[in-house]
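J.: Listed below, chain by chain, are the residues.
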Amino acid sequence: MMTVTPSHTANHHNKPRPPPTASTGIIGWLRKNLFSSLSNTILTLVAIYVLSLAIPAIVDWTFLSSQVSGETRFACKVDGACWAWVDQRFGQFLFGFYPEGERWRVVVAFILLFPALIPWLADGVPGQRYLRWFSVIYPVIATILLAGGMGLQEVPTHKFGGFMLNLIVGLSGIVLSLPIGILLALGRQSKLPLIRWLSVGFIEAVRGVPLITLLFVSNILLPIFLPPDVTLDSVVRVIIMVTAFASAYMAEVIRGGLQAIPSGQHEAALAMGLNYWKSMRLIVLPQALRISIPGIVNTFIGLFKDTTLVIVIGLFDILGIANAMVSNPDWLGLSTETYVFVAVFFFAVCFSMSRYSIWLERRLGTKRQ
Amino acid sequence: MNGKSARKTILTALRNFWFDRRGRGILLQLLILLSVALIIALITSNTIANLQRAGLTSGFGFLDDQAFFDINQRLIDYTSQSSFGRALIVGLLNTLLVSSLGILTATVIGFAAGILRLSSNWLVSRLVTAYVEITRNVPLLLQIILWWAILTGLPKVRDSISVLGAFFLNNRGLRAPSPDFESLFIWVSVVGLIGIIITVVIARWSRRRQLRSGETFPVASFGLLLIFVIPGLTYYMLGQPIDWDIPERTRFNFRGGFNITPELLALWIALATYTGAFISEIVRAGILSVSAGQSEAALSLGLRKNQTMRLIIIPQALRLIIPPLTSQYLNLTKNSSLAIAIGYQDLVSIGGTILNQSGQALEVVAIWMAVYLALSLVTSACMNWYNDRIALVER
Numbered sequence: 001m002m003t004v005t006p007s008h009t010a011n012h013h014n015k016p017r018p019p020p021t022a023s024t025g026i027i028g029w030l031r032k033n034l035f036s037s038l039s040n041t042i043l044t045l046v047a048i049y050v051l052s053l054a055i056p057a058i059v060d061w062t063f064l065s066s067q068v069s070g071e072t073r074f075a076c077k078v079d080g081a082c083w084a085w086v087d088q089r090f091g092q093f094l095f096g097f098y099p100e101g102e103r104w105r106v107v108v109a110f111i112l113l114f115p116a117l118i119p120w121l122a123d124g125v126p127g128q129r130y131l132r133w134f135s136v137i138y139p140v141i142a143t144i145l146l147a148g149g150m151g152l153q154e155v156p157t158h159k160f161g162g163f164m165l166n167l168i169v170g171l172s173g174i175v176l177s178l179p180i181g182i183l184l185a186l187g188r189q190s191k192l193p194l195i196r197w198l199s200v201g202f203i204e205a206v207r208g209v210p211l212i213t214l215l216f217v218s219n220i221l222l223p224i225f226l227p228p229d230v231t232l233d234s235v236v237r238v239i240i241m242v243t244a245f246a247s248a249y250m251a252e253v254i255r256g257g258l259q260a261i262p263s264g265q266h267e268a269a270l271a272m273g274l275n276y277w278k279s280m281r282l283i284v285l286p287q288a289l290r291i292s293i294p295g296i297v298n299t300f301i302g303l304f305k306d307t308t309l310v311i312v313i314g315l316f317d318i319l320g321i322a323n324a325m326v327s328n329p330d331w332l333g334l335s336t337e338t339y340v341f342v343a344v345f346f347f348a349v350c351f352s353m354s355r356y357s358i359w360l361e362r363r364l365g366t367k368r369q
Numbered sequence: 001m002n003g004k005s006a007r008k009t010i011l012t013a014l015r016n017f018w019f020d021r022r023g024r025g026i027l028l029q030l031l032i033l034l035s036v037a038l039i040i041a042l043i044t045s046n047t048i049a050n051l052q053r054a055g056l057t058s059g060f061g062f063l064d065d066q067a068f069f070d071i072n073q074r075l076i077d078y079t080s081q082s083s084f085g086r087a088l089i090v091g092l093l094n095t096l097l098v099s100s101l102g103i104l105t106a107t108v109i110g111f112a113a114g115i116l117r118l119s120s121n122w123l124v125s126r127l128v129t130a131y132v133e134i135t136r137n138v139p140l141l142l143q144i145i146l147w148w149a150i151l152t153g154l155p156k157v158r159d160s161i162s163v164l165g166a167f168f169l170n171n172r173g174l175r176a177p178s179p180d181f182e183s184l185f186i187w188v189s190v191v192g193l194i195g196i197i198i199t200v201v202i203a204r205w206s207r208r209r210q211l212r213s214g215e216t217f218p219v220a221s222f223g224l225l226l227i228f229v230i231p232g233l234t235y236y237m238l239g240q241p242i243d244w245d246i247p248e249r250t251r252f253n254f255r256g257g258f259n260i261t262p263e264l265l266a267l268w269i270a271l272a273t274y275t276g277a278f279i280s281e282i283v284r285a286g287i288l289s290v291s292a293g294q295s296e297a298a299l300s301l302g303l304r305k306n307q308t309m310r311l312i313i314i315p316q317a318l319r320l321i322i323p324p325l326t327s328q329y330l331n332l333t334k335n336s337s338l339a340i341a342i343g344y345q346d347l348v349s350i351g352g353t354i355l356n357q358s359g360q361a362l363e364v365v366a367i368w369m370a371v372y373l374a375l376s377l378v379t380s381a382c383m384n385w386y387n388d389r390i391a392l393v394e395r
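Protein chains in written order, with this note's numbering: chain A, 1 to 369; chain B, 1 to 395.
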């Protein structure tokens with residue numbers, strides 16, 4: 001009898017050999033991602049060179065040779081950044097000229113904003129239905145908290161300022177422009193020619209001009225258009241114009257969503273005996289709005305950045321406060337520090353919103369499949 | 001008896017009218033027309049009353065009045081004795097100047113960043129991502145002001161930063177050499193123009209031949225030769241007929257050359273980098289939308305990597321890129337109005353000055369809106385024409 005020795009059979013050879021060391025681990029990663037070809041190697045080396053110049057300089061300016069304490073800029077005796085003003089002016093950057101004793105009201109309004117917003121931004125929040133009712137009354141609560149009344153000391157809106165003003169204008173603009181934008185988007189698709197023309201005319205006229213001219217309109221033309229005895233608060237005027245501006249953009253975003261819904265949905269709703277408004281409210285809009293949410297968030301990011309434009313008509317948002325501080329003799333010449341500081345605020349808010357929008361898009365994408 | 005039946009017919013007719021969708025549509029539109037007319041009438045009467053109280057006459061007659069203010073950034077002759085109308089034209093030209101500079105630069109930055117972000121090089125794609133995210137998420141107005149603060153914070157004229165001994169950066173902007181064309185230069189332009197015409201003819205011929213026989217012709221290298229190399233040789237043969245006026249440092253300022261103000265420079269850099277970041281996202285999305293099979297097929301047919309990009313990917317991606325690119329160009333033009341924050345005298349800024357001096361708010365705002373709407377329409381028309389040319393022709 002012969003015994004078959006398995007040494008030379010397939011079994012032995014089939015064991016996979018490990019990949020060559022040059023294609024695994026750190027070396028493999030480096031070769032694949034940084035030095036895969038001559039041009040890639042050159043790009044990598046150039047990038048490393050630029051970074052080696054930039055990063056130490058930035059770190060040095062921001063942290064290592066910076067100073068964080070002092071009464072005025074003359075106390076700063078360093079080459080790097082002078083952050084001494086942050087300690088003194090931080091409140092102004094957040095609240096503008098809002099009375100210091102009353103600033104807790106702004107903080108409370110800001111904290112209450114989260115339970116009002118979150119049920120609309122994500123699903124499966126505990127108590128979602130009650131929270132949605134809360135967000136309906138939130139604008140009233142916030143207005144009372146910010147402007148006063150009901151036993152709270154009244155604060156005139158010209159004291160509003162800083163980052164708080166950006167948030168107020170941005171949030172009111174987006175919340176008010178959503179319903180108007182929906183109506184305009186429906187109007188643009190309407191079968192009634194007059195409604196369609198009016199909607200198209202409004203949308204295109206507003207989208208065709210810069211926001212800055214609309215703000216001028218709010219400042220100069222609104223008082224001319226209104227009866228002489230009616231005066232509008234400057235913040236209210238800005239909110240009106242920002243809302244008009246945002247609704248035109250919102251209308252286009254929602255129109256995109258409406259066009260993505262197959263017309264069979266609307267036809268089926270009509271066949272079931274629903275009228276136009278019911279079919280829109282119950283069938284078409286819920287689907288259309290759902291897929292427009294990423295676009296709506298992007299519109300909001302744009303609008304939020306545009307709230308800095310209020311400085312042109314003399315309001316002191318966070319950028320206005322920064323401008324005022326830069327021209328203050330005590331802190332003259334600290335422009336880079338100040339503007340970088342403001343930029344960090346906007347970056348934090350806008351970047352997280354854009355991440356949220358990407359997350360949402362991905363989730364909607366998986367849901368539809 | 002007769003009256004009763006007549007009333008009944010009218011009621012039925014009204015009922016039918018109400019329950020008929022067309023009838024209701026007409027009614028609704030009439031109501032809306034009425035309310036719009038009412039609002040317009042209200043606004044008009046208020047405006048007339050308010051203007052009368054302020055003692056203003058409406059109309060565009062004020063455009064001929066003397067302006068009395070100076071404009072230091074101008075492309076055409078203007079003095080403080082010129083009219084408001086001419087001041088507005090100077091402003092419009094400044095808007096067009098910074099917009100076209102911005103659009104050109106933003107397109108280059110955007111395409112480069114969009115392609116580099118998809119690069120297989122990890123470090124480079126991360127760096128470009130950082131650039132895109134930072135510029136996109138910070139307000140443009142803030143970026144304009146920051147650039148302006150940096151540029152006006154540069155050393156004084158005395159300690160200008162010199163680049164290659166011909167460009168000087170200081171707190172008054174960038175001073176660059178200006179070309180002084182001699183009469184012989186006309187021949188260089190003639191040669192260049194002929195080169196362009198021949199290239200266009202060759203390109204058309206080669207396209208037709210390729211469609212017919214599949215043979216290709218190196219149009220790009222030929223064009224390069226005809227448009228750049230031959231005029232360049234002519235330039236040297238004629239003894240370099242451009243006299244560069246290189247700025248010279250005097251005690252307080254520079255002599256010669258021309259100056260780009262820090263306002264224009266700041267606005268240009270900020271608009272180009274900001275819009276460039278948005279364009280790079282559009283380009284990236286366009287390239288990613290071309291299915292991977294296309295590039296795999298091209299590579300397996302033996303095309304090189306850059307050929308695949310140039311001949312297969314980009315032409316297909318452009319179809320998706322052009323429409324949003326148009327709206328970015330429009331945004332850039334509109335955003336150039338933020339110039340007012342740093343004192344670059346564009347249409348809005350000069351209009352604002354005129355508005356303050358003459359009080360003609362309605363007219364100035366009307367001019368702004370008309371000009372920006374016209375610019376939007378012209379840009380869209382151009383881009384739509386280009387879009388139609390490259391659009392997919394389906395059989």
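Hints are computed from structural coordinates only; laboratory data are not their basis.
Treat the hints with care, since some could be wrong.
To be verified - Below, in silico cross-link-like pairs of lysine to aspartate or glutamate (DMTMM-like), each with a Cα-Cα straight-line distance of 20 angstroms or less:
no. : chain 1 : residue 1 : chain 2 : residue 2
1   : A       : K77       : A       : E267
2   : A       : K278      : B       : D159
3   : A       : K191      : B       : E296
4   : A       : K77       : A       : D87
5   : B       : K156      : A       : D60
6   : A       : K77       : A       : E100
7   : A       : K278      : A       : E267
8   : A       : K159      : A       : D79
9   : B       : K4        : B       : D20
Claimed, not checked - Residues from chain A shown here face chain B by an in silico Cβ test under 8 angstroms; the list is partial:
no. : residue
10  : I180
11  : L192
12  : V209
13  : V217
14  : F341
15  : A343
Bear in mind the structure is a predicted one, so any value in this text is a computation, not a measurement.
All residues carry an ideal CB built from backbone N, CA and C; glycine is no exception.
J.: For each hint, tell me whether it holds in the structure or not.
T.: Against the structure, the hints:
| no. | hint | verdict |
| --- | --- | --- |
| 1 | A:K77 x A:E267 | violated, 74 angstroms |
| 2 | A:K278 x B:D159 | violated, 72 angstroms |
| 3 | A:K191 x B:E296 | violated, 47 angstroms |
| 4 | A:K77 x A:D87 | holds, 17 angstroms |
| 5 | B:K156 x A:D60 | violated, 25 angstroms |
| 6 | A:K77 x A:E100 | violated, 31 angstroms |
| 7 | A:K278 x A:E267 | holds, 12 angstroms |
| 8 | A:K159 x A:D79 | violated, 36 angstroms |
| 9 | B:K4 x B:D20 | violated, 24 angstroms |
| 10 | I180 | violated, 15 angstroms |
| 11 | L192 | holds, 5 angstroms |
| 12 | V209 | holds, 5 angstroms |
| 13 | V217 | holds, 6 angstroms |
| 14 | F341 | violated, 11 angstroms |
| 15 | A343 | holds, 5 angstroms |
Of the numbered hints given earlier, the model fails hints 1, 2, 3, 5, 6, 8, 9, 10 and 14; all others are met.
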